[in-house]
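**Student:** Now for the letters of each chain:
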Amino acid sequence: MAEPALSIRGLTKVYGNGFQALKGIDLDVQQGDFFALLGPNGAGKSTTLGVVCSLVQKSEGKVSIFGIDIDKDFAKAKYQLGVVPQEFNFNQFEKVLDIVLAQAGYYGMTRREALPRAEQLLRDLGLWDKRNGNARMLSGGMKRRLMIARALMHRPKLLILDEPTAGVDIELRRSMWEYMRRINQDEGTTIILTTHYLEEAESLCRNIAIINHGEIVRNTSVRELLAELDTETFLLDLAEPVSQPPVIEGFEITQVEPSQLALVIHRGQQLNDVFSVLSEQGMQVVSMRNRANRLEEMFVSMVEAGNNAIDKRAELNKEAQA
Amino acid sequence: MNATQTLVALWTLVLKEIKRFTRIWPQTLLPPSITMAMYFIIFGNLIGSRIGDMDGFSYMDFIVPGLIMMSVITNSYSNVASSFFSNKFQRSVEELMVSPMPNWVILSGFILGGMARGLGVGLIVTIVSLFFTRLTVEHPLLTVLVVVLTSALFSLGGFINALMANKFDDISIVPTFILTPLTYLGGVFYSISMLPNFWQGVSMLNPILYMVNVFRYGFLGVSDIPVGWALTAIFAFIIVLFFVALTMLERGKGIRS
Chain A
1 MAEPALSIRG LTKVYGNGFQ ALKGIDLDVQ QGDFFALLGP NGAGKSTTLG VVCSLVQKSE
61 GKVSIFGIDI DKDFAKAKYQ LGVVPQEFNF NQFEKVLDIV LAQAGYYGMT RREALPRAEQ
121 LLRDLGLWDK RNGNARMLSG GMKRRLMIAR ALMHRPKLLI LDEPTAGVDI ELRRSMWEYM
181 RRINQDEGTT IILTTHYLEE AESLCRNIAI INHGEIVRNT SVRELLAELD TETFLLDLAE
241 PVSQPPVIEG FEITQVEPSQ LALVIHRGQQ LNDVFSVLSE QGMQVVSMRN RANRLEEMFV
301 SMVEAGNNAI DKRAELNKEA QA
Chain B
1 MNATQTLVAL WTLVLKEIKR FTRIWPQTLL PPSITMAMYF IIFGNLIGSR IGDMDGFSYM
61 DFIVPGLIMM SVITNSYSNV ASSFFSNKFQ RSVEELMVSP MPNWVILSGF ILGGMARGLG
121 VGLIVTIVSL FFTRLTVEHP LLTVLVVVLT SALFSLGGFI NALMANKFDD ISIVPTFILT
181 PLTYLGGVFY SISMLPNFWQ GVSMLNPILY MVNVFRYGFL GVSDIPVGWA LTAIFAFIIV
241 LFFVALTMLE RGKGIRS
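Residue numbers (full-length UniProt numbering), protein chains in the order written: chain A, 1 to 322; chain B, 1 to 257.
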């Protein structure tokens with residue numbers, strides 16, 4: 001079996017102030033995968049990726065990129081790796097073309113080798129017309145695309161995208177998704193993505209790990225995760241406003257607006273049962289949609305469960321000390 | 001990285017540094033030329049004519065090597081300090097850290113960039129000085145050697161300062177409170193033979209005195225201190241500072257959490 005694109009074993013990070021950001025995590029990302037690493041702010045996502053990219057020094061553990069141990073030959077491992085960080089990290093006063101060419105140079109690519117690659121990437125990402133402009137003149141979305149172009153200059157086999165579409169408008173986000181899908185499917189680039197847009201993870205990724213409080217709380221396929229979803233919330237738009245939500249035994253219904261209801265359906269329940277009762281009560285449903293994306297509901301419930309478990313542990317510790 | 005790739009990476013970084021300071025030439029190349037022209041007019045011409053000879057040379061001829069060296073020192077130091085700190089501040093240092101470039105290449109790239117500016121400004125100041133005096137160079141090779149080594153030494157100093165700095169103020173403290181006084185007291189404007197014995201002894205503790213004197217020896221053929229001893233001291237300082245800077249970089253001091 002081929003070596004995983006990324007293999008992490010027992011990764012621990014304790015910062016100088018004593019804060020333990022990672023508590024011995026294990027993670028494998030297979031070659032060719034489109035993988036999502038999710039977690040609330042401060043969960044340990046960026047620290048994990050920071051260790052992989054050499055921006056953060058690990059306290060303990062082992063990291064291998066395509067089988068290359070970063071402790072033994074980090075330089076060789078870095079050739080396989082392209083990184084798009086969360087925050088803009090290029091010199092804003094440099095020209096767009098200079099930024100991507102310099103990055104290629106750092107990987108040992110001569111200008112002659114790098115120019116065609118730069119042109120192809122900047123054209124693909126809609127930046128070729130801006131190549132001679134200062135990077136600071138670009139819009140937020142263009143700056144993000146510039147970081148993607150820069151990360152791909154040396155043709156990495158593993159691309160790490162840390163919230164690549166944060167602050168990007170919907171249209172642009174969709175076009176970036178298309179581009180990421182293309183490089184994953186056509187070029188076989190393994191992609192690891194962290195995002196706050198769970199719709200993004202659901203739409204793009206095949207596998208997913210959820211990290212919370214420095215621990216991996218779930219590591220599975222997106223399909224499997226969604227199959228476990230217990231409840232789904234629908235918004236029902238009514239033809240006429242109602243004064244109060246209807247009461248239907250076994251169903252949870254709340255009023256969102258005078259002519260809109262929120263309906264929570266548990267696994268095994270039938271929507272038809274609700275429609276027939278509403279119809280009997282003289283309420284006509286004109287349209288219906290999901291309130292939140294399904295993964296988001298799952299994610300929130302997992303994170304809440306994790307937080308409750310930690311609160312409970314803290315309480316037990318307190319009692320034990322008392 | 002193989003040798004060719006390493007050279008490409010090093011050249012990329014050096015070229016980037018040169019582009020940076022030439023792009024902002026009104027901040028980097030122009031001010032030292034104007035300041036030094038003022039020194040030549042006021043100290044060399046106006047006041048110098050009343051001071052008379054110094055160590056057997058006209059005052060203008062005496063101060064020219066010192067002033068060239070002063071501009072090389074300050075520009076080499078401040079180029080690396082401000083460039084590397086800006087890279088830290090804007091986080092563009094991450095571009096270097098995620099790349100496979102060895103740390104010694106990153107360090108050398110910044111040092112060579114600092115030397116390019118320091119020596120470039122030194123050349124400009126030398127050209128400006130030709131409007132005021134006729135320069136003679138007694139020992140050309142020694143002159144070039146000492147100015148190159150001094151530029152490398154202060155570029156290293158600027159790099160260490162930038163690694164340790166947490167805010168922009170931190171990169172101006174050393175030049176303002178240490179470098180400038182040491183330069184002014186390093187025999188740029190006077191011969192230490194004019195000082196009482198005690199202050200001559202104190203001056204010998206100032207490393208910049210050695211560089212200024214050896215550089216002046218290259219031009220005029222006179223020095224307050226033994227040339228061989230001074231060159232050895234400069235070499236030793238370069239080796240020590242290079243390894244200090246490299247160790248700090250390896251440990252990620254100020255750049256890795």
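The set of hints was computed from the structure by calculation and includes no laboratory data.
Every residue gets a Cβ at the ideal spot worked out from N, C-alpha and C, and that includes glycine.
Be aware that one or more of the hints could be misleading.
Label-pair distances were calculated between CB atoms; the ranges are [claimed, not checked]: (1) Gly56/B x Asn134/A: 48 to 56 Å; (2) Ile127/B x Arg174/A: 38 to 46 Å; (3) Trp229/B x Asp26/A: 43 to 51 Å.
Residues of chain B clear of chain A, computed beta-carbon distances all greater than 10 Å [as the list claims (entries may be wrong)]: (4) Trp11; (5) Leu13; (6) Asn87; (7) Glu95; (8) Met97; (9) Val98; (10) Lys167; (11) Ala236.
**Student:** Evaluate the condition: distance from the CB of Met97/B to the nearest CB of chain A exceeds 10 Å.
**Tutor:** 6 Å, violated
**Student:** Is the Cβ of Ala236/B farther than 10 Å from every Cβ of chain A?
**Tutor:** Given a closest Cβ separation of 31 Å, the condition holds.
**Student:** Determine whether the non-interface label on Lys167/B survives the test: each CB of chain A must be over 10 Å from its CB.
**Tutor:** About 18 Å separates Lys167/B from the closest Cβ of chain A, which puts it past 10 Å; holds.
**Student:** Starting from the range 38 to 46 Å, see whether the pair Ile127/B and Arg174/A falls in it by beta-carbon distance.
**Tutor:** At 58 Å between Cβs, range violated.
**Student:** Please settle this one: Trp11/B was flagged as non-interface, so is its CB more than 10 Å from every CB on chain A?
**Tutor:** About 7 Å separates Trp11/B from the closest Cβ of chain A, which leaves it inside 10 Å; violated.
**Student:** Taking C-beta pairs only, is Glu95/B more than 10 Å away from all of chain A?
**Tutor:** 6 Å, violated
**Student:** Can we trust that Leu13/B is non-interface, i.e. its beta-carbon lies farther than 10 Å from all of chain A?
**Tutor:** 7 Å, violated
**Student:** Between Gly56/B and Asn134/A, does the beta-carbon spacing fit 48 to 56 Å?
**Tutor:** 54 Å, holds
**Student:** Please check whether Trp229/B and Asp26/A have a Cβ separation lying inside 43 to 51 Å.
**Tutor:** 60 Å, violated
**Student:** Just want to verify: Asn87/B was marked as not at the interface with chain A; is every Cβ pair farther apart than 10 Å?
**Tutor:** About 7 Å separates Asn87/B from the closest Cβ of chain A, which leaves it inside 10 Å; violated.
**Student:** Hey, is Val98/B genuinely clear of chain A, shortest beta carbon separation above 10 Å?
**Tutor:** Contrary to the label, Val98/B does not stay out of reach of chain A, its closest Cβ about 5 Å off (not over 10 Å).
Taken one by one, the earlier hints fail for this structure at numbers 2, 3, 4, 5, 6, 7, 8, 9, listed in ascending order.
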